[in-house]
Structures are given as structure tokens and as C-alpha cells.
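Residue numbers (the numbering used here), protein chains in the order written: chain A, 1 to 286; chain B, 1001 to 1268; chain C, 2001 to 2321.
Some clues are possibly wrong.
Stated by the list, open to error - Below 20 Å or equal to it, Euclidean Cα-Cα: the simulated EDC-like pairs (lysine to aspartate or glutamate) are:
(1) B:K1246 / A:E261
(2) A:K109 / C:D2250
(3) B:K1256 / A:D265
By construction, these hints were calculated from the structure, which means they are not laboratory data.
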Amino acid sequence: MAIKFEQVSFSYPSFDGKNFSALKNINLEISEKGEFITLIGETGSGKSTLVQHMNALIRPTTGSVTIYGIKIEKNTNKNKRIKLNPLRQKVGLVFQFPEYQLFEETVQKDIIFGPKNFGIKEEIAIERAKEIIKLVGLSEDYLSRSPFNLSGGEKKRVSIAGILAMEPDILVLDEPTSGLDPKGRDALLELFTSIHKELDKTIIVITHDMNTVYKYASRALVMYDGELVFDGVPNSLFSDKHITEWNLDLPDIIQITKQLEEKLDIKFDSKPHNVDELFNLVKGAL
Amino acid sequence: MNTIEIKDLSFSYSEDITALKNINLVIKKGEWISILGHNGSGKSTLAKLIIGLLKADKGDIYVDEVLLTEDTVHEIRRKIGIVFQNPDNQFVGVTVEDDIAFGMENLNFEREDMINKIVEYAKKVDMFEYISKEPHALSGGQKQRVAIAGILAMNTDIIIFDEATSMLDPKGRESIIGYIKELNKEGKTIISITHEMKEAVNSDRIIILKDGEVLAIGETNTILNDKEVLNSSNLELLLPLKLMYKLDEANIKNEKVKDILWQLSLNK
Amino acid sequence: MKNIIVGQYIPGNSFLYKMDPRSKIIALGLLMISAFLFEDISHIVYMLVGVLLILKIGGIPIMRIARGLRPIMILLLFTFSFQVVFIKTGDVIFDTELTLSSVNLILMILIILTWYFTRRYIKSRFLYLIIVIVGILTMLSLFSPGFKISSSDFVIYEDGLLGASFIMVRLIIIVTLSTILTLTTRPTDLNLGLERILKPLKLVRINSEEIALIISIALRYIPTLLDEANKIMLAQASRGVDFSEGKLKDKVMQIISLLVPMFIISFKRSDDLANAMEARSFIPGNPRTRIHILTWHYRDTLVMIFCVVVLASTIFVRVYL
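Excised from the complex, chain A in its bound form (with noise of 0.2 Å):
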């Protein structure tokens, strides 16, 4: 196992003085390779938190997070001989908004600025960030503009460059195709799903979009409340029935689906995943 929380709570004082509990009794294991992770929840529900505890940017308050076999806890960074600092270059971390990072002349030094801290010479991040600038879908020449006269959707491609060329072996995203609009947002995550098939990574998405999680999720998270309260196939979560508790919406694929079924008296043989599947199920039925 890549990553392992073992009982994790996690709390701060909040403006009115109480304890604010984050995230709650958290146990979860997340494997190196091979699964694409959504993660979902309302806002304020801990998936920020959740992930941030996933490269040791924070420490639970009780429990412990394993990352590649170093048990990060409450004390941890007081010990000064466990270097928290190969963690993070194992579990990339992209920030919902790309201007958390952006911050070099041109996007080439903003993309090997990563694998400089971790030790990598710079000729050899040079020539990781002209494959990985492609790999994100912008083209060679853009290595040499400046990061902060790019679109919205520009930026987030390039801010993802960044952190891929850390080589990171797990790839968490929080929220990234929030203010995007549809096409871009597509766009984006073919493309983690490209990076999850060709470089064998496992992707972590934070989004609200149940679209995204039941196209694209091998697995998804629900947190509610601070608790971790659903972890499963996304094909059992929208058959769950708590799911409406936890304040998410059905895909629109499903919900067309059981709409459809209900004013039409009828019973599909199979679930439809996209449009084409529920063409031909209407088409069967007329």
C-alpha cells in the first residue's frame, strides 16, 4: 500500500474558539498503481484536508498516515531525521487554483522548478518538461512564454506539468476543472485518464461532479462531515441509498435513465453508462 490512514482525526480552533473537527476516525488505503480516485463531498465535508494529510503537508492530530512505509503523526515533524520532503515528490499535489504556484518568468523554469528541489539536474528537468508540456496537451513553444498571459485552462495544464515532472508515482487533483467550462473540463480529464492508462499512476480527483465520478472513477470517496462514509465503486454508491443524506446528486446519465423508465412504464434490461448505451436501450424498447 502506497498510502494508509490509520484512524485519523484531524482539528484546528476555530474563529469562535471551539475545536473544529476536520476530518474524523479516517482509515483508508490507497495503492500505488492503477486506480483512478474521486473523491467527493460537499464543501467543508474534509477533502482538502483529506489530501493534504496524503503528502505530510499536514499531520493528523491523533492517528497516523503511512506514506511508502514512513508513519507520519503528531510529533512527526519535531523528529528531525524523517525528511517529509521525498514524500511529496512520490504523492503530487496540484492546488485547485494554478496561481497558487505559478510564480516564474517562463513556464519552462515554472515546470522544472519541482524537480530542481528534489535534487534533479536541470538539463535533465529541461528535457522532462518538453515531453511533459505535450503529454498535457500544449504544444513545445509555450515553454518559452510567460505563465501568467495563459487562459484559465491554459494555466491549469501547465500548473499539472509542474508537479508531473516531479514524477510523482500517485496524482491528486482538488478540483480541478472547477470554473472550466464543459469542453475544457472534458478535455482535462481524458487527459488524467491518459496519464492514468499510458504512465500506470494512480489519479486522485476532488470534484462535485457526479458525471466525472461515474465516467471516469474506478473508485470514489464520499466525506460527509469529516467522515470518510462511503468507499466503493461508483456503480454502488449511486444505488446507494444514504446517497441523497450526503447531500450529492445522481449522474444525469441515471437519472435521465430513471425518469424515462418511470414515465414510460418500463424496465431497461442493462444500466447505460453514456448516451449511445441509453440510445440503444430506447431504441430496443420502442
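The hints should help you fit chains B and C onto chain A, whose structure is shown.
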């Protein structure tokens, strides 16, 4: 009666980037019009031009028959309220109460009047219990509701929602859409700018922008039935619409299914 | 990170809370001038008693004030020791010989080591430090078996002690008075009070309303910006920036990696905010009505009279006694 009339409007940020080209548009009093377009299609630029935050290179904007110029811009802003995209960047007050008051203070309302209006509109957007809270104690959706209350308190006839839902979670999004519907029913002219077709289906008319030009404009029903326009718009089709078009293409004519899908597209 | 509070305001409802911020600010000013005018230790002690009385009536827990004094503790201690040791006039009130011997040197080292390793478990560390220092001095003066290494005289003069106490009491009064103001007044009210007091500056073309608006926007955005800074730091830490170590050259880079995003985001914010304000009919320099008004009660007048009397009598004492 026409509220806003836009004639031959063009705008560019720099010589090589044209944001809007020859926009002609009439918005009637009391209607709800959605401006749909992909990222970078110029829809937010259009909103900024209407309230005079940007100055057009060419063309005229009339609000209630008054031409927008440097002299009339303040008069026109009193008629139009706007809710921007980022909830955090438009919250001026230290508390909810202060923020609702901000516009009224600028317009020199009487203090008694302000206090009454703050209570009235905070209640209207369901934020009364948060009246003395500070913005960092509020969610994005709550901050947007405060922005709406601030505009209602200024009593503008026209309200622009400039991607006001795009940074919110589904719950926040739903509540804002709910208020848009309610305000439109109460007679406000609504211009809602979005890239989600879902949010446009309940408006009276839709205008689709693509690369700074008007691709289509018309009644919502007409636009949603215009397969070719929608396919070339760079927007994502609603799922029931997609299915409807597919059945059409395959020449499967079943009025009942078509009707159900149409109703589903309209969120009914 | 939702634990950011600007200012030290704690809710309450004593007369200090009911006062107009204007009268509180002016009273603070008058009393501070008084504190600086006193020359005699007995007078300033009377004033300290008066200030403690205000605390008592105002229902402010003395611990809160002590907490406010904590940051200047070191300064207080330093001034005190400096005055005590270096002023050598007046009567001798204490005289002892400090002897460093082989035995108490070892004991001293042991005590310091114990202090060093146990201090993190003690709640009031400052008190602990003082007890340790006094303990060591007492030991050096009274207990020195073994062979003598060195010895010196330790003499305290009356003037030194009085002078030191005087300065200390004066500092404590000043800090306590300003802490009372910030504890009992919301930052926004304080801002409003300052705005109204500075209004006459209009004569020299300084618009106090605009300054107040700037301060209030700053107050509103400080928590947001701190939160943002924290997120940027985490984002860069994710890219291998280790803020706790690194050479000077790396340090510079680390700071740039924080500052650039911070600036860019803040510029975007201020641009958006300016748009939002303009769209809501804000016109710089134009008169605005205000939702918050300040009301001057008879108690404010009473407090003003009281403070003026205090200042007048201080001046009287200073000139004629």
C-alpha cells in the same frame, strides 16, 4: 418596452485580441435572458461594457433610452446591479450587514431606511441569522446571496449574474438559480451569463456567443431545438437533448418519448 | 485555517463597552499624557491603582491584560535590571557579595540544565525563569563552599530601585490603557472613531473617510490574505520547497515563490474589488451616508470631564509641587 439596447458594439483588449465584434442586442423589460458561451467567448466583457466598467471601441449602449457615456455612467449604474463570479472579491463590508449597506451608503440612503432594507433583504436571501458574521465565516454561496441582497437593497431594475455560480458547489449553485427565478417572477430584468446550458433552460431567451460574435439569439425553445447551432457552439448539450437529436437522426419518431425528453431538458 | 481573528476584541457589556469609541480614544490620549507628566513614584502608583480600578469596574479580567503585557516582558525586565544595576546614587539598600566557588558553579550548571530541559513542561515559563535567576543569585550570595573562583559586589541603591520601578509602572500603565481600548472596542468601531476624530483634517485636504474605508477593507481582507498565503505555502511545499531549511540562495527563491503568487492574486483581487465597488455606485470622494453612527452619551461626557480633571491636576502637581 426595451430596457437595454446594444448597437454594433465592438471591443478589444489589445490590437490583436478582439473580445467582441458587432454585437446587436435588445433586452426587454422584465425578461430573463441567458448569455451562453465558452470560456473566452466575450460574455463577461459584454457585462462589463453594459455597466461601463469597460469602454467600447465602437457602438452604443442605451439603458432605458439613455446613451451610456462618461456623463451618464453613474446614472445607469443605479439601474443595473451585477453579481460577479468570485464571491470573495466583491464582499466589501467587514460584516454581512455592512456589505448589504455598502451600495445604499454610496447612494446616500437615509439611515433608517437602510436599516429596514438590510433586515428585509437579508431575510429575503435567507441570511438574516448571519447578519453580523464576517465573510470568512461564510460559504461561497452565502457570500453570493449577500451580494444579491446588496443589489436588491439598491432597488435596481436590472440584475446581471456574471458567472455568479461557477465557483460554487452544487448546493450553492442551486440556491442562486432559485433566487434568479424568483427575482425574475417579481419583475426584475435578468441577464445571466453562464457556460452551463442547464442554467439557461429556464430563461425566456438565449443568446449564444462564440469567439466574440453572436452565434445565435432567440427564444429558449427555438435555440434548444436548433441542433446545428448548438453543435457548433462549443457548448455541451444537455443529455436529454442529445438523446432527442439521436433519435431524430435515426428517424425514430415517437412523440411521447420526445415530449418526455423535452420536458427533462427544461428541468421539469 | 479558520482561526484568524484581527484585533483582540473580547465581547462584554460593562460601561467600557458602552462608551463611544471617540471618547475612549481621547481618554486614552489624555491619560497617557498624564502618565508621562508624573515625576514622583508615589503619584504614578496612585495612577496604577486608578487604572486597576477601571479594570475592576470595567469587568476586564486581569489575566487578559497580563497576556497583553507578555510581549513586552523582556523589555520591561531589561529596563528594570539596567536601571537597578547602573544607577548608583542615593542610599544603599542592599549589599551582598556574590561568590563563585567550585561547588556552586557545578550546582549552577546543574540548575541551568534542569531549567533548560524542564521549561517546556512548565506553564508559566517566564515566572520559572525569574525564580531560577533569583535562586541562582541567592545561592551565589549565601552558599559558596569549596575553593573560590571569583567574587564581586552586588549593590542596589535606593534611586536605582525607585527609578526602575517608576519606569516599569509607567510602561505597565500605558500598555494596560491601550489594551483596554483594543479589548473593549471592535476594530470597525475603532476605525469609525478614528475617522470621526480625524475629520477636521479635511482642512488640510486629508479625507479621513477614505482612510477609514481603506482600513476597513484591509481589516476585511487580512484573514482572506493570510488564508491565501497559507495555501500558497502548502502548494509550493508540495513542489519540494522546504521552508525550514536550505541555503541563503534557496531561501531567496523560496520567498520569491511565495511573494509572486501572493502579489498576482492580490492584484487580481483588488481589480475585481474595484469593479465591484464601482458597480455598486461607489464614487471616490463623493459623500456617503453611513449605516454606523456613533452616539455620544452623558457617560462619555463624564469620562471626558474626569480625564480632563486628571490631566489638569497632573499639570498642577508637576508645576506647583
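Hints and how they fare:
At roughly 18 Å between alpha-carbon atoms, K1246 of chain B and E261 of chain A fall within 20 Å of each other, so this suggested pair holds. With a C-alpha separation of about 15 Å, the suggested pairing of K109 of chain A with D2250 of chain C holds against the 20 Å cut-off. This hinted pair checks out: K1256 of chain B and D265 of chain A have alpha carbons roughly 12 Å apart, not beyond 20 Å.
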